Amino acid sequence: MLHYDASSCNGCDIEVLDCLTPKYDLERFGVINTGDPFQADMLLITGGVNSQTESVVKQLYSQMPEPKVVIAVGICACTGGVFKECYNIKGGIDTVIPVDVYVPGCAARPESIIDGVMKAIRILDEKRAAAIKDRR
Amino acid sequence: MAKRSIVPFGPQHPVLPEPVHLDLILEDETVVGAVPSIGFIHRGLEKLVEKKDYKQYVYIAERVCGICSVGHGIGYCEAVEKVMDVEVPTRADYLRTIWMELSRLHSHLLWLGLLADAMGFESLFMDSWRIREKILDMFEKTTGSRLILSVVCVGGVLKDVDSGMLNEILRVTEELKKEMKPVIDTFLNDYTVQSRLKGLGVMTRDQAVSAGAVGPMLRGSGEPYDVRALGYAAYKDLTFEPVTAQAGDAYARCEVRLKEILQSLDLLREAIEKIPEGPISVPVKGNPSGEYFMRIEQPRGEAIYYVKGNGTKFLDRFRLRTPTTSNIPPMVDMLKGCQMADVPVLILTIDPCVSCTER
Numbered sequence: 001m002l003h004y005d006a007s008s009c010n011g012c013d014i015e016v017l018d019c020l021t022p023k024y025d026l027e028r029f030g031v032i033n034t035g036d037p038f039q040a041d042m043l044l045i046t047g048g049v050n051s052q053t054e055s056v057v058k059q060l061y062s063q064m065p066e067p068k069v070v071i072a073v074g075i076c077a078c079t080g081g082v083f084k085e086c087y088n089i090k091g092g093i094d095t096v097i098p099v100d101v102y103v104p105g106c107a108a109r110p111e112s113i114i115d116g117v118m119k120a121i122r123i124l125d126e127k128r129a130a131a132i133k134d135r136r
Numbered sequence: 001m002a003k004r005s006i007v008p009f010g011p012q013h014p015v016l017p018e019p020v021h022l023d024l025i026l027e028d029e030t031v032v033g034a035v036p037s038i039g040f041i042h043r044g045l046e047k048l049v050e051k052k053d054y055k056q057y058v059y060i061a062e063r064v065c066g067i068c069s070v071g072h073g074i075g076y077c078e079a080v081e082k083v084m085d086v087e088v089p090t091r092a093d094y095l096r097t098i099w100m101e102l103s104r105l106h107s108h109l110l111w112l113g114l115l116a117d118a119m120g121f122e123s124l125f126m127d128s129w130r131i132r133e134k135i136l137d138m139f140e141k142t143t144g145s146r147l148i149l150s151v152v153c154v155g156g157v158l159k160d161v162d163s164g165m166l167n168e169i170l171r172v173t174e175e176l177k178k179e180m181k182p183v184i185d186t187f188l189n190d191y192t193v194q195s196r197l198k199g200l201g202v203m204t205r206d207q208a209v210s211a212g213a214v215g216p217m218l219r220g221s222g223e224p225y226d227v228r229a230l231g232y233a234a235y236k237d238l239t240f241e242p243v244t245a246q247a248g249d250a251y252a253r254c255e256v257r258l259k260e261i262l263q264s265l266d267l268l269r270e271a272i273e274k275i276p277e278g279p280i281s282v283p284v285k286g287n288p289s290g291e292y293f294m295r296i297e298q299p300r301g302e303a304i305y306y307v308k309g310n311g312t313k314f315l316d317r318f319r320l321r322t323p324t325t326s327n328i329p330p331m332v333d334m335l336k337g338c339q340m341a342d343v344p345v346l347i348l349t350i351d352p353c354v355s356c357t358e359r
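The listed protein sequences correspond, in order, to chains G and F.
In terms of this note's numbering, the first sequence opens at residue 1 and continues consecutively.
In terms of this note's numbering, the second sequence opens at residue 1 and continues consecutively.
Certain hints may be false.
[As the list claims (entries may be wrong)] In silico DSS-like cross-links for lysine-lysine, where the CA-CA straight-line distance does not exceed 27 Å: (1) K313/F - K84/G; (2) K52/F - K90/G; (3) K313/F - K23/G; (4) K259/F - K23/G.
These are computed hints drawn from the structure, not numbers from a lab.
Predicted model, so just to flag it, every value in this text is computed and none were measured.
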């Protein structure tokens with residue numbers, strides 16, 4: 001899992017980190033937070049896209065190996081949220097890269113983030129199975 | 001002279017959850033200069049003040065940053081209240097103070113965890129964040145949400161806390177005091193922590209003052225400057241003495257924050273003992289006209305809120321100077337001469353909050 005903060009207010013970021021700590025502990029599902037896009041197959045993005053992070057998000061996405069899934073965490077990442085009217089916000093993550101799972105909330109609760117990650121794992125498995133089928 | 005090389009640091013970086021970009025100029029392993037570039041989280045929140053009316057804007061102000069969310073709400077509301085000459089009920093002042101101190105606790109514990117993580121001390125990171133969950137639970141019990149509370153409004157607060165819940169907060173503070181002991185002990189006395197932090201990024205009192213450092217950064221260099229001493233909200237009724245440390249290095253900044261955790265626990269106890277009965281908000285009529293500068297002490301340092309109203313329900317200007325903004329120049333000074341491997345720890349000692357800085 002690779003986490004990137006596009007233009008979030010920190011709320012969702014902290015909740016994402018919270019998911020890794022003893023109370024919620026995402027690692028029990030086999031999910032490890034990494035800082036390296038080349039080793040990640042799940043991209044977790046918080047916050048809407050602005051003009052400066054747009055290229056970074058695109059680059060991170062292109063660096064990840066196939067198959068990959070993208071999770072938009074928080075209402076800002078889904079649609080732009082309260083910042084939708086700001087001059088520097090382009091909207092949700094799906095304006096830049098394809099998104100597989102949307103996790104709503106401001107800030108998204110750890111329970112819903114875990115739920116989103118579980119859904120993403122299922123989608124990732126399907127994509128992987130489809131890729132193997134294609135190869136045959 | 002050794003050959004110079006430039007190493008980019010960030011924006012996506014495993015140590016910091018937030019995007020911050022630095023160009024580090026290195027001579028071998030030693031940093032001789034750092035050029036920060038910001039703007040990765042700029043959203044343009046200050047401009048939104050022209051689209052949302054001054055009562056709605058409280059929710060935007062709270063979303064400047066998810067960590068010091070309560071503080072931003074309080075700072076903005078107090079500034080608008082001063083413009084409009086609204087007298088806030090005492091109980092509301094106390095409730096604001098209680099939430100503010102709880103948020104300081106959770107912010108400092110979060111920082112301690114991140115510092116431990118940057119040093120590679122994984123179990124200490126987990127331990128700090130485990131303790132922090134208790135404070136988030138208190139937020140949830142009193143307001144319904146974990147991080148962005150949305151309880152402050154112009155004229156008071158939106159939710160009351162009954163005496164049963166106040167006693168519950170008291171019980172949790174006692175529990176936290178006990179649980180913090182081993183963590184504080186590890187941070188202050190552990191050999192590993194000391195060897196990573198002592199003598200790192202030393203800043204003398206004069207340097208810190210002239211570079212414009214605020215918050216624990218400044219107090220870690222021995223300057224007893226804390227805006228809470230001005231007595232906004234309920235701080236005027238509480239006994240309060242700024243915490244300082246003399247050494248001015250990373251260890252001293254860590255020490256200041258650890259002691260502030262204990263101080264916040266004491267302040268919470270005192271506020272809960274002194275809280276009066278009464279209404280929690282007053283009705284606010286009319287529109288703000290005039291301007292005001294409000295200063296409050298966020299967990300990271302002094303934050304300044306400037307509000308200018310023009311008699312309509314939309315404000316003319318809202319300006320926010322956050323603690324991280326003023327701590328970036330001292331950080332750049334501090335980075336000169338340190339080792340490349342110490343850069344993440346040093347950046348963390350200013351407790352950077354990029355989303356506050358860039359809004």
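Verification of the hints:
1. With a CA separation close to 21 Å, the supplied pair K313/F and K84/G stays within the 27 Å bound.
2. Using a Cα cut-off of 27 Å, the hinted pair K52/F and K90/G holds, with the two alpha carbons roughly 19 Å apart.
3. This hinted pair does not check out: K313/F and K23/G have alpha carbons roughly 44 Å apart, beyond 27 Å.
4. Taken as a hint, the K259/F and K23/G pair is honoured in the structure, with Cα atoms around 25 Å apart against an allowance of 27 Å.
Checked against the numbered hints given earlier, the structure breaks only hint 3 and satisfies all the rest.
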